[in-house]
Each structure stands twice: as structure tokens, then as C-alpha cells.
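Q: Sequences are here, hints too, so could you generate the full structure?
Protein chains in written order, with our numbering: chain A, 525 to 1019; chain B, 525 to 1019.
Any given hint could turn out to be false.
If several chains are the same, the list does not tell them apart, and a pair holds so long as it fits within one copy or across any two.
[As the list claims (entries may be wrong)] For lysine to any residue, the following SDA-like pairs were computed, each having C-alpha atoms within a straight-line distance of at most 25 Å:
#: 1; residue 1: 931; residue 2: 704
#: 2; residue 1: 960; residue 2: 809
#: 3; residue 1: 960; residue 2: 810
#: 4; residue 1: 960; residue 2: 815
Just so you know, these hints were derived from the structure itself, not from any lab.
2 protein chains.
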Amino acid sequence: MPDSGPLGTSPPEQRPASPTAMPDAPTASAPDRQITPTARHFLAALHPPVTIPGPPTPPTSTAATAGLGAPDTAAVGSAVPGTSVAAALGSAVPDAPDTAAVGSAVPDTSVAAAFGSAVPDTPDAAGVGSALRRILRGPTGPGTSSLSLAGRYTPTVPDPVPPDPAEPAAGQAVPGLYYHPVPEPNPVRVEEVSRRIKAWAEDEVQLYPEEWEGQFDGFSVGRYMVACHPDAPTVDHLMLATRLMVAENAVDDCYCEDHGGSPVGLGGRLLLAHTALDHFHTTAQYTPAWHESLTSDAPRRAYRSAMDYFVRAATDSQADRFRHDMARLHMGYLAEAAWAQTEHVPEVWEYLAMRQFNNFRPCPTITDTVGGYELPADLHARPDMQRVIALAGNATTIVNDLYSYTKELNSPGRHLNLPVVIAEREQLSERDAYLKAVEVHNELQHAFEAAAADLAEACPLPSVLRFLKGVAAWVDGNHDWHRTNTYRYTLPDFW
Amino acid sequence: MPDSGPLGTSPPEQRPASPTAMPDAPTASAPDRQITPTARHFLAALHPPVTIPGPPTPPTSTAATAGLGAPDTAAVGSAVPGTSVAAALGSAVPDAPDTAAVGSAVPDTSVAAAFGSAVPDTPDAAGVGSALRRILRGPTGPGTSSLSLAGRYTPTVPDPVPPDPAEPAAGQAVPGLYYHPVPEPNPVRVEEVSRRIKAWAEDEVQLYPEEWEGQFDGFSVGRYMVACHPDAPTVDHLMLATRLMVAENAVDDCYCEDHGGSPVGLGGRLLLAHTALDHFHTTAQYTPAWHESLTSDAPRRAYRSAMDYFVRAATDSQADRFRHDMARLHMGYLAEAAWAQTEHVPEVWEYLAMRQFNNFRPCPTITDTVGGYELPADLHARPDMQRVIALAGNATTIVNDLYSYTKELNSPGRHLNLPVVIAEREQLSERDAYLKAVEVHNELQHAFEAAAADLAEACPLPSVLRFLKGVAAWVDGNHDWHRTNTYRYTLPDFW
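A: Right, dumping it as C-alpha cells:
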């Protein structure tokens, strides 16, 4: 895989610029800090070697059968390419009996097989899997109950029995992009999530008119979410993420962009939709009209329903976190809309700042709810965690700019994306600007991984480690969805 | 005081509308619920009887001298109009030695005197004060250290010695408004905060050109913040709130309204300013330009500096809470701007929903940081706490609409406020619309108090009780500032 060069240095906001400017990230890494052995091992554990595209590797019979009846989280443990991560982190994990209480009947042998077959250097894979399995499942024992949400969530339909591993999907990665391949998402889960999300969209929230069905199918949101949440205990958990993803796209399409959206008046529409997530509290006279408004268009029906499901499965703090991330997203939409209205092309750094808000962030940050555990609020709020999340969101969002470049060029009007802004502001050719945007992505991805490794070392709590892994898995799954979604995306002819 | 009638009922979002719509507030009050005795006592304790305007009542000599050397929080304890609150809540407070470790040398006898003189029915005021003093100070003992931030914050300048109690300021309350008078703010604190905030504005952040000095002084932000935070341990704590209030007004004035603001392109400006609160994380090449941008105009200099001070005093979760509330505020500005651009007059409920975001909320919700303790994140995120905060913010924000009505009528262009929207949408005369807006406010204020009382009963933890009192104090102080700020506000001639 290509490497864009040195790791990104810490931004200057972490260095006081004056006596009154104090850093808010006292534990963040110093510039040019070397990655420690523990951090390097953590990074390695994030990304098991997977070669895609290419012919599928047949599963090892041991992994395929041993996975029967075990939840995904146990199966994922076998993906570690060495024993060092388990050794380095194992001491932070309470040694507890295997509760396996995630409420799932999913055998998921295909995921286990896909992970298992990719392990080239794990002579003691069973032992490693056992240690990392505990990390990925989260702690048990006194005082750790808040780390598990599985008990709050009883699946109504047992997950289906998986078939053989799927063929890797077609689709070319952006040349030169630094990314991590992922195992082919469990096709049984993909099929079940796809079936359920379509039923939800059509029957529960009347999301789209009949003529948009092809576009809905082409979105392949089932594959997307299964790839991004490999540790979800059940399909019900996956549905939490899938509904929200669909709802977010409905708001973007219908209010902002492709399907009748416009920057004109957007602030009013987004705020009223936001009340489906962050409820409005008012007098008796004015409450019914608000309540009715939540069923008055597809975006609001989708936000409301998806949020209702999410709130039932999440802790209060997780719901609060999601609302905050959605407020960020809506601010980002509105900055982009303001520039569109005034035909302003921002500086590259301004565009990137806008893109930190108009960003996938609300998707990876629910990884713990979807995984059936909780990253406690005080750990989520740590400045070093906030930096990890921001960098992950930024890297994964620039992936969208790169893969949607051709699609957006072919859309009406000028659509800002990173290559377009670099070309205009830095006077580069379209090709050179695109290639520079790839380098920007690569530096962000490296910076995310370095920051995650530093945090894993500074705060090796089970919920932190699992959350970091979950965010990394989301970033990888998001890339894979873009790579394989040839219905939506084609690459430019720059190579 | 007038009463608008029945308490507001719970909005329907707390009643499932369909099998898939689950409430997110399982502990919230049911419609038409009666206020219990405990809740009634809690409400009474929130608002000690104070008659304003009128001639000042001389302080009782006992209260005035007993307060010497004690922090404000102890002095406030004498404001309880009965023993029932202390009796009802005392059992929830760990009985601990008086640590008095708030780091303050403020005698603050004037506050003690003002509170003390207003107590009409407290034969055992000393005993009540002792019990409530512990509540207001927060718990001590094992496991409670997170409730106190005082130790993180060492004042550099000792608070001044107070003079005699001040004369109540002039200014008429809106007739028919349901509100609670407050004791005259400690004039020594007001003077010291006023001196320091002007030095900060002029020397640290170069907030305004010389010709705006009169307007800055007329804002009377020192009086404002001292009235809103009676339990702040030191002037340093008060400065946290004061800087943020000034910064928020600078952004509103310079980006949105009075001083060069405009709805055009506002989304871009607000987002870039928001990065002063919620930092941007990007590559090495683009970081310096962002960093320089934070010093490039007065709003961003003010946001950045005020936030730097705040982050140093706050916990990570408190800083995260503040960022969320500011994202809400910026979304509210952008909804209002969108309607201004399209000359759209929203429905009354839509206007009120916008006003739940374009709202004072970020000010009362820092009451714990300013008070030197922490409401833990998981308690802040509770749906019933979120409802209390939203209702408090909505009531206190409609106060602004009522007092600024005449000012806004005399400003260029049409400025939406609640009376204007009611007049247009409900075909009422200006006078009738204004009077209806007063009733809307009164219902929101009653609903806030009922929700706070319910929460105090459901979750009588010391940090929750103190936070609720702090929010109520902020609401009362905010009203008093509007009432007395005759530099900015005059009432319409409707009575």
C-alpha cells in the first residue's frame, strides 16, 4: 500500500500561542513523536491483512466450524496478525467468564472464516483470539454493566444462518490511496439488513416515491452498514445504524441536494428537522402542530423514526452525543449552502474545516451503541478522543470527495469538493489537484491512526480500545463501500 | 404576581404515537400531574421572596456580620423561606465537615444581607442555612471530588471587600409577566467584573473600536452575570461566564445583526468561528492558516480567548456540553437568517422551535462550571434534565423578545420576535399579540418550574439540585437584567 510520507504533526491549537491560550488537549501527542511499540501493535491489530480484490480464499475448516453459535465479536478476535497486541493490552482487561450474553443467535461463520483466512502469521491464533475476544466484548464483572447495552436490546428476529463466504465485490480503489481492505461483508447479514431497511423505508416512513426505488437499491446501504460494523451483535443492532444512515441521506438529498434540495431557506428546514432528534418543548397550544410536522415529509419521518429506535437502544449520553454530532453535520450543510448561495470558493483550509462538520462523524461515533456497549461520556469527551474522532471523520469524508468527484462534476451547478477547491485556490490542473487531494487524505488517515494509537496507550481501558477499533472499522468499511459502489461512483481518468 | 393558568402539559413526543415511536423520557411527568409537597417545597426554595423595585430593606445585623469571611454559597443558604426544603432534601446530602475550600476570600456580606433581609418566615434561619449550605456547596467525602472544580481554579486576585447593600436599580417589569425578583447584585462584584471584562475586551481581544465603548458599557454585562450566578465562588469564576457572554454577543452583533452582520453567507462565517470552540484537526500544511484565522476578527478572537479560559476551568464533559449548546445556538441563528433571506414569516410554533435553538441556553448550562462543581454528564443527558433545560431556555429567551420588542421595531428591516409573529400569523393587533406572548412566556416559566420540581423529586442528588437552582437563578437574573437595562430596552405603551 502507498504511504504519503511522514505522519501529520499535531496542529498548533495544542500549543499555547499566548499566555492566555491554553491547550485543551494536555495528553495529546507532541509534534514528531515516535510511535511506541505498544501503539504500533495496536495499529497492526486494527487492520488485519486482507487482500481485495482477488479470488476468495477458502475458509479454514477450524474457523468456520468453531464460529457456530458464537457472536461476531468472538469471531473477530481471530483476525489479529500476532500475539503482541493481546500481550500488550491483555493486562488491562478484567479476566471474566465468557458471558456471551449479546442476545444473538448469529453463527456468522462467514465473518469468522473471512477474518480467519486472512491471518498469515498467527501460530497461536486460538490463544490470541481468546484474549482479544475479551477486549472486543468489553469487560464484565462488578461495575462494568454500563459497558454493555446488549441486555437492553432483545432481538425480535433471530439472525439468519450464514452461507459460504461471499465473492469479493468488484470496484477499483483510487490509485495511491492509503486504505485498509476489509473482509467481504457477511452476505446473509447484508441480505437481511437490505430486506429490513427497504421494508422500513417503504412501510414505516414512506421514504420515497416508486420511481426512486432503483436509486435506493443502488445505495446498497445494507452492504455499507454490515461492512462498517463488523462487531454488531445482531441484525437489530445493525438496523440502528442503517436507519440513521438512510435518514441522513434523505435529509441531504431532499433538503440540500439531489432530490429537490436547495441552499435557499435551508437553515429553517434543517432546524425543524433537527427537532425530530432534539425535541421541542413548548406550550400546550403549539405542541400538536410541531408533533404533526414530524410526519409531514419524508426526511422528518425518517429522522424521527430512526431516532426513536436509536434512543431506545442507546444510553442518554449516547443519544446526547449523537444529537451533538448531528448539530455539527447541519452546521456543515449550512456553511456549504452559504458558500453556494454566494458563489464563494473557500480557501482550502476553510473547505476542510467545513468538511469537518459536513462529515460522516455521526456514523462512526455510534459504533458503541451498534456494538452493544458504551464508551462512557467522560471518556468520549477527552480532548485526545475528540481529536481521534475528528481525524477519522475527516479522513473518511475526504474518501467521499475522491470517489464522488466524477459524479459531482456531472451534476448541475458547481459542487465543491476537495480536488475542485485545490484546483481553484492553488492553481493546479484538475489531475494534479486530485492527486494532491489523495495526499491530503493519506496524511489525515495516518494522523488518525497515530492519534488512535497514542490514545490506546494513554488510556487502555476496554471500552476505549473497542471504540477505537470500531471507529477504524467504520473508516475501512466506508472506503470499501465507496470502492465497490460502482452504481454511484466511477473514478476519473487521471492515471 | 399573575399566573397564566394551568401548568403546561407534557408534549406529545413523550407519548408514543405509534408502535415504533418510543418516548425518550420515560421518567418525565405525566400530563396534568399534580405537584407533590416535596416539589412544591423545592419550588419555594428556588425563589426567596424579594420585592423589587422598592426601597431597600436594611440588612439584619446578624446576617450582615455572620457572612463575613464565608463564601457566597454559604450565605445563599439563608434565603430559604422555611425549613421544609432542608428537611426534605437534607437526607440526600452526605454529612461532611465544612471544607469551605472554594478558594475564595470573598466576604460578600451584601449578598448575605440581601438574601437574609428577604426571609419573612424563617425562625430557625441559621439551622436551615446550615443544611442548605451543604446542598449548595455540593457533597464532600469519598467519590464526590468530581463535584468540585474549585481546586482546579486558583484566583489570582482576591475578591474585594463589599460595601453596603446597593440600591435596587430602576426599571419596570413587563406588566403581567410571571417572574421572580432577585436581590440587587453585589455591587463590589459588579464593579470588579465590569472592570475586568472591559480590560479583557480592550486589551486581550481588541473587541471593539473606540466609538462602541458606550454600547459596551451600556450592555452592563458585569451586573448581568453577577445577578445570574449568585453562587459563583469567586470573581474568577464569574469571569468565565462574562467573557463567553460578551463573545456570544460579539458574534451575534458582528456576524448576524447590529454591527455589520447579515444573513448572507452567515453559515460560512459561523462555522469558521465555531472552530474556535470546537477545534479543527487537519494536515500540517493547512493548520497554520486556520490558527491565524482565529485572531483575524473580533468575534473569533473573543470566542477563542473566552473558550480557552473556560476549557481550563471546566471538565472535558462540561466543555463538550458547551460546544453542543453553541452548535445549537448557531443552528438557531442560521434558521432565523434563512427566514430573513426568504422574507418568510414562520408559524408561531416554528418560530418558537427556532427560538429553542437561537436561545440563551449556553448561558445557564454553564452554571455548574461557574459555580465550581460539576453536574455529571450522564445526569445532564437525562431526558427529564434536557426538558428542564429546554423549558428554562425557552422561558428566559422569550423574556428577551418581550423586552427587546420596541428596540427591534425601531431597527432597520423587520426583526422577527414572538409578538410580531403572533400578530401576523394569528391576525391579532400588536397589543393583543404582545399580551399573548406574555402568556406564552408565563406558561413556559411555569412548565420549567414544574419540570424542575419533578426532577428534583425523581433525582434528588446534590449536584442535580444545585444545578437546578443555578438554572433558576440564571433565569431570574436574566429577567432582572432586562428589566433594569433601560439603556437598551423600553417597554411598549400597551397598558
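Q: 25 Å Cα cut-off: does residue 931 pair with residue 704 within a copy, between copies, both or neither?
A: within (24 Å within a copy, 59 Å between copies)
Q: One pair to classify: residue 960 and residue 815, alpha carbons no more than 25 Å apart. Within, between, both, or neither?
A: Between copies only: 22 Å across, 48 Å inside.
Q: Can you give me the call for residue 960 and residue 810, within, between, both or neither, at a CA distance of at most 25 Å?
A: So residue 960 and residue 810 pass the 25 Å test across copies only (13 Å; inside, 52 Å).
Q: Please sort residue 960 with residue 809 into within, between, both or neither, judging by C-alpha distance up to 25 Å.
A: For residue 960 and residue 809, the Cα distance is within 25 Å only across copies (12 Å; inside one copy 56 Å).
When the structure is compared with the earlier hints, no violation turns up for any of them.
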